[in-house]
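Undergrad: Spelled out from the first residue to the last, the chains are:
Protein chains: 2
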Amino acid sequence: LCSSPSNRSRPLSCVAVCGGTHGNEMSGIYLAKHWLRDPMELQRSSFAVTPFLGNPRAIEKCVRYVGQDLNRTFTTEFLSSTEAEDEPYEVVLAREINQTYGPKGSAQAFDFMFDLHNTTASMGTCLIVDSEESLLPMHMCHYIQMHYTRSPCPIYLYKLPGEETYSINSVAKAGLALELGPQPQQVVRADLFSQMRDIIACALDFIELFNKGTVFPAFEIEAYKITGRMDYPCYPDGEISAMVHPKLQDKDFLPLNPRDPIFQTFSGEEILYEGNTTIYPAFINEAAYYEKKVAFVKMEKHMFSIPGLQRD
Amino acid sequence: LCSSPSNRSRPLSCVAVCGGTHGNEMSGIYLAKHWLRDPMELQRSSFAVTPFLGNPRAIEKCVRYVGQDLNRTFTTEFLSSTEAEDEPYEVVLAREINQTYGPKGSAQAFDFMFDLHNTTASMGTCLIVDSEESLLPMHMCHYIQMHYTRSPCPIYLYKLPGEETYSINSVAKAGLALELGPQPQQVVRADLFSQMRDIIACALDFIELFNKGTVFPAFEIEAYKITGRMDYPCYPDGEISAMVHPKLQDKDFLPLNPRDPIFQTFSGEEILYEGNTTIYPAFINEAAYYEKKVAFVKMEKHMFSIPGLQRD
Numbered sequence: 001l002c003s004s005p006s007n008r009s010r011p012l013s014c015v016a017v018c019g020g021t022h023g024n025e026m027s028g029i030y031l032a033k034h035w036l037r038d039p040m041e042l043q044r045s046s047f048a049v050t051p052f053l054g055n056p057r058a059i060e061k062c063v064r065y066v067g068q069d070l071n072r073t074f075t076t077e078f079l080s081s082t083e084a085e086d087e088p089y090e091v092v093l094a095r096e097i098n099q100t101y102g103p104k105g106s107a108q109a110f111d112f113m114f115d116l117h118n119t120t121a122s123m124g125t126c127l128i129v130d131s132e133e134s135l136l137p138m139h140m141c142h143y144i145q146m147h148y149t150r151s152p153c154p155i156y157l158y159k160l161p162g163e164e165t166y167s168i169n170s171v172a173k174a175g176l177a178l179e180l181g182p183q184p185q186q187v188v189r190a191d192l193f194s195q196m197r198d199i200i201a202c203a204l205d206f207i208e209l210f211n212k213g214t215v216f217p218a219f220e221i222e223a224y225k226i227t228g229r230m231d232y233p234c235y236p237d238g239e240i241s242a243m244v245h246p247k248l249q250d251k252d253f254l255p256l257n258p259r260d261p262i263f264q265t266f267s268g269e270e271i272l273y274e275g276n277t278t279i280y281p282a283f284i285n286e287a288a289y290y291e292k293k294v295a296f297v298k299m300e301k302h303m304f305s306i307p308g309l310q311r312d
Numbered sequence: 001l002c003s004s005p006s007n008r009s010r011p012l013s014c015v016a017v018c019g020g021t022h023g024n025e026m027s028g029i030y031l032a033k034h035w036l037r038d039p040m041e042l043q044r045s046s047f048a049v050t051p052f053l054g055n056p057r058a059i060e061k062c063v064r065y066v067g068q069d070l071n072r073t074f075t076t077e078f079l080s081s082t083e084a085e086d087e088p089y090e091v092v093l094a095r096e097i098n099q100t101y102g103p104k105g106s107a108q109a110f111d112f113m114f115d116l117h118n119t120t121a122s123m124g125t126c127l128i129v130d131s132e133e134s135l136l137p138m139h140m141c142h143y144i145q146m147h148y149t150r151s152p153c154p155i156y157l158y159k160l161p162g163e164e165t166y167s168i169n170s171v172a173k174a175g176l177a178l179e180l181g182p183q184p185q186q187v188v189r190a191d192l193f194s195q196m197r198d199i200i201a202c203a204l205d206f207i208e209l210f211n212k213g214t215v216f217p218a219f220e221i222e223a224y225k226i227t228g229r230m231d232y233p234c235y236p237d238g239e240i241s242a243m244v245h246p247k248l249q250d251k252d253f254l255p256l257n258p259r260d261p262i263f264q265t266f267s268g269e270e271i272l273y274e275g276n277t278t279i280y281p282a283f284i285n286e287a288a289y290y291e292k293k294v295a296f297v298k299m300e301k302h303m304f305s306i307p308g309l310q311r312d
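Residue numbers (our numbering), protein chains in the order written: chain A, 1 to 312; chain B, 1 to 312.
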């Protein structure tokens, strides 16, 4: 009946930072390449940080992936598959990454992995965590929001209920993905590059404080939780027949109400949102989601109570 | 010794509009596909308009090109080459397009070709003409600037002195390319889509007026003329070592003065512009130019006197 004032967790010793999980998202690729040339700025006294390039072959070709999306490949199905001649490059790669930084779910796995992404959507400096139940990442997000004040850092909780984790950082014991935009694929913008660099520096400072025994009290925090996806309208032949409506474009994380316009057909008609409740769209008009016909991700905004945290 | 008040030129009867010369520049691709489904809005009484898709295989894969840049392939060298087994797809395609809409330089060629492009640079609604000596396109640009007032339409003269024309619209007797941005590759934004559609409608109205005998008087006009290109700084291994400076990013067509910053290295140092005169950069941080290591195109701003024009 006597609960401790905060949850206790072991200090972190091995941290990885991945750029280029998608080979055409350039902020993280150029950052990881820079750190591989000059790792000094990643150094902290209480833990080691290892930068690496997620998908070298996709980076070389400057494409999202070669065979299949690497960041959907870290499931039991793929990680436990046996080698086969015709398997996609990313399945082989995922098993290798799992050997190096995991194995996923094991005691040997890295303590933490950052994964660096860009989007063509106007998502600003978005922090992606699997769910609000991930205590250390939620404390890290809170710390970033308090100390990185150049822009708001919305928190995006990506795991649908009952879904298995599938992202590259699920290989480590805990993780955080950064999703900075808008930035076109294949392009590096100096402003987003420095934002990403500063957020990683801030997150490493948090780990240092945690390792050194700082007590992080409980807090309340706002976060967006994914509830589903909105597909593009299509012609009978499968081609998309409408664009994201100009009034929705660039409005990531802002409320979308029932009967608000969401699409404009190529002939000029408006299509309205037919849901019954207000949602908060994200990944609006993301280039990489056309192949899945996804126009945006639907989210709800919630307040979460996060318990306190300190090291063991 | 008695010059006529304006140059006379034959009316136009065959006009083509090309989308998807680059397979990942979506405004023109979706416009051309829309017009192929429903060509009504292209109809005018005095001439015929044919929409077409420039590079179908690149559009299918949503990439700029498959083998080589189609929009650099309309030179004598490629158009007069004989079929070979290992030649790039775009060389075969260029000969086919030249047969359909040309032959380049011949009396049978189409009278006019529009070519629809997007850029990741902040070039707004840019009008690209080969040179100020192209009388009818310069009058068309002037007409667009007077009648399409939603945004400024800078004129970009792309041909370097002594250079052969190489673009897809050089197959027709005259041409105009639209270059709308910023828009990420693989993405269609409703605002740019409607701008492109409106500019084409305006340009077709101009042709209609010209064909029907409207006299277009002489005028003075400002235009930007290419003088060269600025490469990215590189490491000895050929990788770029710097980004476009945040103060230059998104500043297309604005003056860049000697000693203004142009690059920021990944380590954080500034690199300044070392030229002796003010220039006007364009295509700043264009995604497709990284493979050529081109950071921006250098331009000069000039006033040109354009003689009057009327139909024969």
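Don't read these hints as lab results, they were simulated from the structure. Any given hint could be a false lead.
Stated by the list, open to error - Calculated lysine to aspartate or glutamate pairs in the EDC-like style (CA-CA distance at most 20 Å, straight line):
id	chain 1	residue 1	chain 2	residue 2
1	A	Lys61	B	Glu60
2	B	Lys61	A	Glu60
3	B	Lys301	B	Asp130
Undergrad: If a hint holds in the structure, say so; if it does not, say that too.
TA: Status of the hints after comparison with the structure:
Under the criterion of a C-alpha separation no larger than 20 Å, the hint pairing Lys61/A with Glu60/B is consistent with the structure, at around 18 Å. Annotation: proposed proximity of Lys61/B to Glu60/A holds, straight-line Cα distance about 18 Å (limit 20 Å). Between the alpha carbons of Lys301/B and Asp130/B the distance comes to roughly 15 Å, so the proposed pair stays at or under 20 Å and holds.
Going down the numbered hints, you'll see the structure goes against none, and every one checks out.
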